[in-house]
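> Given next are the chains, with one letter for each unit.
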Amino acid sequence: MANIKLEELDPIIEKHKEKKGNLIPVLNDIQKKIGYLPLEVQKHVSKKLEIPMSEIYGVISFYSIFNTEPKGEHTIGICMGTACYVKGAEDIMEKLENELEIEVGETSDDDKFTMTVTRCLGTCSMAPVIMIDDKVYGEVTPEKVPEILENY
Amino acid sequence: MAKKEILICAGTGCLSAGAEEVEEEFKRQLKREDLDKDYEIKEVINKTGCVGPCSLGPIVIIKPDNTFYGNLKVSDVEKIVMQHLENGEVVEELLTREHDESIEDFKSLRFMKNQRRIALRNTGIIDPNKIEEYIDRSGYQALKQVLNEKKPIEVIEEIKNSGLRGRGGAGFPTGLKWELTHKADGDQKYVVCNADEGDPGAFMDRSILEGDPHSVIEAMIIAGYAIGADQGFVYVRAEYPLAVKNLKTAIKQAEEKGYLGENLFDSEFDFNLEVRVGAGAFVCGEETALIASIEGKRGQPSTKPPYPANSGLWGKPTVINNVETFANIVPIVLNGSEWFNDIGTENSKGTKVFAVAGDVKDTGLVEVPMGTTLREIIFDIAGGIPGGKEFKAAQIGGPSGGTIPKEYLDLEIDYESLKEIGAIVGSGGLIVMDEENSMVDVARFFLDFTQDESCGKCTPCRVGTKRMLDILERILDDNGQKGDIEKLKHLGKVIKETSLCGLGQTAPNPVLSTIKFFEDEYEELITAAEEGN
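The listed protein sequences derive, respectively, from chains A and B. With the first letter of the first sequence counted as 1, position 17 gets the number 17 in the numbering used here; the numbers rise by one all the way through. When you read off a place in the second sequence, starting at 1, and then add 1000, the result is the number in the numbering used here.
Not one of these hints is a red herring.
Keeping only pairs whose Cα atoms sit at most 20 Å apart, straight-line, the calculated SDA-like set for lysine to any residue is: (1) Lys-1073(B) to Gly-1018(B); (2) Lys-1248(B) to Asp-134(A); (3) Lys-20(A) to Glu-50(A); (4) Lys-1297(B) to Tyr-57(A); (5) Lys-1361(B) to Lys-1406(B); (6) Lys-15(A) to Val-1275(B); (7) Lys-144(A) to Ile-102(A); (8) Lys-1297(B) to Gln-31(A); (9) Lys-1183(B) to Gly-1315(B); (10) Lys-1150(B) to Gly-1228(B); (11) Lys-19(A) to Val-1275(B); (12) Lys-19(A) to Gln-1188(B).
Not close to chain A: a few residues of chain B, all C-beta gaps over 12 Å, as computed: (13) Gln-1083; (14) His-1182; (15) Phe-1517; (16) Ala-1529.
It is worth saying that the hints were derived from the structure and are not from the lab. Think of the CB as a built atom: it goes at the ideal place given N, C-alpha and C, for glycine as much as any other residue.
Bound-form chain B, shown alone (with noise of 0.2 Å):
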């Protein structure tokens, strides 16, 4: 007989929650029992949401049934081992209860069922340190099909075809970056992922790489082999100890297994990957920032033009691609881009990958066709806010993001749709925020992230967000003047039209859809403030 699997998310979110611990136990339990012939451990490092609801950490699934137990404790081992591996009873108190009713397989989860899951197909399902387990479920074929039969210029084509844009924050079709790197003149050229996720609250790429290293790097020697590039960089932030490490574990396994080096394939076609960790610097997620600091420098933001597709690191042709990115390079090539093209709105193509925390009952990672609402996302697949309380807003996009109110719970989210009404997909992550919450606050803090992690390269960014933050601080001190909304609008504008990178230009963007939305928060203090006085 087979063996059965124990999966045990072990990814940063459930370890934090004590899934060692559990883990430990099991083994004990297992070995005690004289069960471990009959069943393996099985590690899934994944980060929080990979194998769906983080909020339920530590998670155990036991496969084949995939009974999902989830927020498991130390002394709750002991009942699965005895009544569940031994006597095949599910142990019906443990398991998660929606609408008064018990949910046994983690795929019938609220969470799990309405998602669509591409870029996070394998994530909470592999062990990420075993490439045996990726290729299993077709990894590497995508590259070997390339390498075999297709001309470079017929992948980028493939990639334009299937509509995917960016997933790290603007948007740029990918397909055509690829292009334009393809086409520029050049000895050297280079394939670089941006998996420097500064945004607070977003943890996709974490997971990802995490929980699925190979999807990255087989779509990165694809990149390579698409735009003539035998290097490439993936340049991860330090704040990210596992990511860094699963992914060196897979890049190594990978090159043992012929997948990098000479002559992949029995092709001519050479791929190197070298991993370089970042050093806390926000801006580095911005292409050019990122370049300067893989280069060695200080990670400052350059004029663009020239764009990296040009003159990228130490001056070569590069295409830089965000982590969630490359994560759908794989499956377009295996499944077609027309199949890609089916998914989503007329301009957004694909899924988005959200992270969802704050006032919400379930968090973690979801992943869902693009044009899908946020009441969709908050309430049909989040179970909507604890407490009874009311939704007040959503912040999305991180610090370049903006607030959505209520009103536009029924919104159609894609690039376009968000931009709109000011706010921005950006790397996708989701605060969700009840009634409690003071949105000039929320602000506030924002402008005090980026106010701190402003390179100080242009005046309009390092002088104009401290300017903004002093105001916002003044407003919450309760000695807000009147004429400071108007003060922060215009600061807010010639910031954003004269900085010189995406941090400055955006950086006014929560504390102006703020104000769109919720002006009378503002008023109320500022006329406070001017009472007391």
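Same shape as in the complex, but just chain A (with noise of 0.2 Å):
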């Protein structure tokens, strides 16, 4: 929360503003913007938009997409999915928790990668999946995910 200056939000809640309905596209590109929703950005959204706090709680507590605590540099998500599921997902999970020391909902403690688990991607062809941010690797096997790693 330090670094974060709230004005710098502004610009997005004013591009949003004249539009009906707008909390939740303001919300998705503060988190674009800066990867968590603080309670800090809450009330300024919140003062801004006149909506009040606990409407915006409700809708952050409802979508799995917001978080509340800062993520990791890379948010990997991995697919869980009918087609990922029956091929092995599980296995894939349980290689990057390994791999990262982490489980699922965590972050790694250099800040470099927080673990999702993630609904279908629609990527069902190249089962199983996961995704590192927006790139989606498919047909990944335990022994390939050290290599995608390395990657990041």
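Reconstruct the complex from the two isolated chains, following the hints.
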């Protein structure tokens, strides 16, 4: 939170201000910029958009994409869709947990990776897949995991 | 001489298989050979399955002879450039082989030749980032025709006569939906495209948005004209970054051409379109929850009636259709309702796109007329089960759907026939499973999903799915008890009958249908546990 200047978020809020139903686009864009939505930011959005804090917290806690804790530099999403599950996504998860010495939902000690489980990425033909930031890796095997991580 | 084209599939599927590296190599090789004046590299952005068998990615098609090279490696590129492009000789050893024959033309691939592509007519063929390519394939002709020659009610009649039903799951007649919204009172109306494709295993909507976004945009403008709306929203799930990007580019290009905005085609009609990105909640695929989400609220469903046709977005009459449904509109307008009506079965017209994945040889998107059998899809098109294993079952319709065992391989699939055996067409996700899969585990997988995604508003869904999951987990942990199957059946019935929305009403389906067809697997586990204790 230390480095976030709230006024730097104002252009994002201004951009959506006139739109109806702007809360989710505003939160999405802010999270894209700073990675997470700490309480101070929520309060700031509440004031600027004139939406009560209860409603903002309600929205943030409802949607899985929003997080209130800082994330690592890169986010690894392990696809747990049907095809990936059937093709061994759990083995990939185990390998990643061992490699990074963290569990799903946690961030590595060097703040480099946060590991999450995602819903179907729709790349079922390439199952099992993982997504690191916006890049999808297909036909992943436990053996390929260290190689993929080396790119980061 | 016209430039030949090298089509490189750059959908998320092929990208994950290394399409970018292959493209780079083509660029490098062409530059080196000074061929780039004769060839242009053309990216066809489609998602897994758009060009066809995504399991063959990265995919390259050389035009105009349609030569198909699949599973390409960077090291193969030089050979294609030197032999095929320079000397006009097909690289035999890089062709896909089927039944000991090499397949040269991609249209004669087993995966492609038995398909009938209406919703997927352009994906894999055009560059989604160039509106001109869409226009070249009769794009925006239907809109022009409708605005200049037809009254809104005539458009609605055409769609009604076509027999088109919603492709998102429930199969509600599209024309009727439009008519109800057209007739509803309201100074402001909206058109919404449901692109919150959350069913694990379904990826046709992503494919259409990535590969042919204008087909959805054009259809939404037509829907707006038909019902009297001047504003539309496309609600896309956050897991699809490429779809969002291509859609936004397409909207911008349509605005520049004057296809979106004011006085379209010199008519009095105005229409604007906005993209809204979801935030990761499966329940938002339910229309009332989706509306709440666009309004900026928690995506919780509300009781129906009132239906969105009367009271939808911000309380205004709203038409909500799925991506694939919209992708069928333009061909219906251009070819007429009778043409569409001739395809399919008595009560289910047209085609359906299935996302075939799991234990099959070729995976990807398969579009076939309604009434096609599972055997044709899995064996004739997708090539059957690999590794000499037996087909056991197919799971259709994701977490809301059911399981189809092998005795129904020859059932003609449509909305009604699947309902009769306890499954649904749903979004069209089709996961094929071989003999090694435990059906109890599959049921647990889906219930774990719906239980986690239950929004918590109504008790049967929130608590009921949790109790069912507890029972399934104990059965799988060798702690099953006598009477568990009966408990699952009873709970399933109650949840189906008393849940507020579609999520809860269909959540027990995977459990109930696996019990229906594979009860012995449940019994075996329970008996073993009882004996062990």
